[in-house]
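A.B. asks: Each protein sequence line maps, in turn, to chains A and B. Note that the first sequence covers residues 21 to 166 in the numbering used here. Note that the second sequence covers residues 21 to 166 in the numbering used here.
Some clues are possibly wrong.
Which copy is meant is left open, because identical chains are indistinguishable; a pair holds if it fits in one copy or across any two.
Distance condition first, Cα-Cα at most 20 Å in a straight line; then the derived SDA-like pairs of lysine to any residue [what the hints assert, rightly or not]:
hint, residue 1, residue 2
1, K70, S32
2, K87, E120
3, K70, R31
4, K70, F80
5, K70, G89
6, K87, T132
7, K87, A103
8, K70, E131
9, K70, A97
10, K87, D47
11, K87, R39
12, K70, S107
These aren't lab readings, by the way, just hints derived from the structure by calculation. Predicted model only: the values in this text are computed from it and were never measured.
Protein chains: 2
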Amino acid sequence: MAEERNEPHDRSTRPYLIRAIYEWCTDSGYTPYLAVVVNEHTRVPEEFVKDGQIVLNVSFDATSGLKIGNEIIEFAARFGGVAREISVPVDRVAAIYARENGHGMGFEIIETRVEHRPEAKVDEPSAATAPERPKAGGKPKLTVVK
Amino acid sequence: MAEERNEPHDRSTRPYLIRAIYEWCTDSGYTPYLAVVVNEHTRVPEEFVKDGQIVLNVSFDATSGLKIGNEIIEFAARFGGVAREISVPVDRVAAIYARENGHGMGFEIIETRVEHRPEAKVDEPSAATAPERPKAGGKPKLTVVK
Numbered sequence: 021m022a023e024e025r026n027e028p029h030d031r032s033t034r035p036y037l038i039r040a041i042y043e044w045c046t047d048s049g050y051t052p053y054l055a056v057v058v059n060e061h062t063r064v065p066e067e068f069v070k071d072g073q074i075v076l077n078v079s080f081d082a083t084s085g086l087k088i089g090n091e092i093i094e095f096a097a098r099f100g101g102v103a104r105e106i107s108v109p110v111d112r113v114a115a116i117y118a119r120e121n122g123h124g125m126g127f128e129i130i131e132t133r134v135e136h137r138p139e140a141k142v143d144e145p146s147a148a149t150a151p152e153r154p155k156a157g158g159k160p161k162l163t164v165v166k
Numbered sequence: 021m022a023e024e025r026n027e028p029h030d031r032s033t034r035p036y037l038i039r040a041i042y043e044w045c046t047d048s049g050y051t052p053y054l055a056v057v058v059n060e061h062t063r064v065p066e067e068f069v070k071d072g073q074i075v076l077n078v079s080f081d082a083t084s085g086l087k088i089g090n091e092i093i094e095f096a097a098r099f100g101g102v103a104r105e106i107s108v109p110v111d112r113v114a115a116i117y118a119r120e121n122g123h124g125m126g127f128e129i130i131e132t133r134v135e136h137r138p139e140a141k142v143d144e145p146s147a148a149t150a151p152e153r154p155k156a157g158g159k160p161k162l163t164v165v166k
């Protein structure tokens, strides 16, 4: 069993890095935004999805019961005055960054199959992170971790 | 004062990311290695410095009192049977990665001035991270966060 640790299905660093940037945002007084590429496994308000993607404010003030687990990110938030339960698999997170300056980290989204959802043209990883590209200058830059 | 938060001297994400990869290593059963580019602010055993760099085993088992702060990483460890106090500024960390597979994260080292130390030819950032490049394939890859 010990050998399984070195198998290709290693534990992902992504949830660890998401938590890291979340804490950096919070400690810095910034508002952490989460860019999510939706699919059938994401539970988000569909009416706010645009080009197959939704950007969620995951700050302490905007959420309730936020839990960034190793597999799932869960919280409750109000959208248009209505409380909604949000659930996002960690592997659907395209980026986490500070609203105020765009600094943060981007991740590659791997599509395992083509979906017939005209509103979700997200087959190309670049499309997922393009809107979140940080401004030039400053540090850290948004970096794609494969 | 609130405006200071957006000044160029923002809080660095580096200590947050170092802690993230450290936790990922530990949770995965890997041994976290820290690659450090030495200068006058690093307190490490000089006899183990090679090409201006030292690689430190920072696993729980190999260290005592490890503290990864936002400015300084401190711990005690045994080198050749002798206990030593180690202190490394976070901005001298070139990489943190798992010994077992080389996965982790690299960081750019910014040299603020040229030092006349023949044994520390670390002016080029590429020289700092080159020995720690991960193996091809797998994920996550070592990524330079500027």
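A.B. asks: Against each hint, give a clear statement of whether it holds in the structure.
C.D. replies: Now the hints, each set against the structure:
no., hint, in the structure
1, K70 to S32, "neither (27 Å within a copy, 32 Å between copies)"
2, K87 to E120, "neither (23 Å within a copy, 30 Å between copies)"
3, K70 to R31, "neither (30 Å within a copy, 32 Å between copies)"
4, K70 to F80, "neither (24 Å within a copy, 45 Å between copies)"
5, K70 to G89, "neither (25 Å within a copy, 39 Å between copies)"
6, K87 to T132, "neither (26 Å within a copy, 40 Å between copies)"
7, K87 to A103, "within (17 Å within a copy, 40 Å between copies)"
8, K70 to E131, "within (18 Å within a copy, 43 Å between copies)"
9, K70 to A97, "within (18 Å within a copy, 52 Å between copies)"
10, K87 to D47, "both (17 Å within a copy, 18 Å between copies)"
11, K87 to R39, "both (10 Å within a copy, 18 Å between copies)"
12, K70 to S107, "within (17 Å within a copy, 48 Å between copies)"
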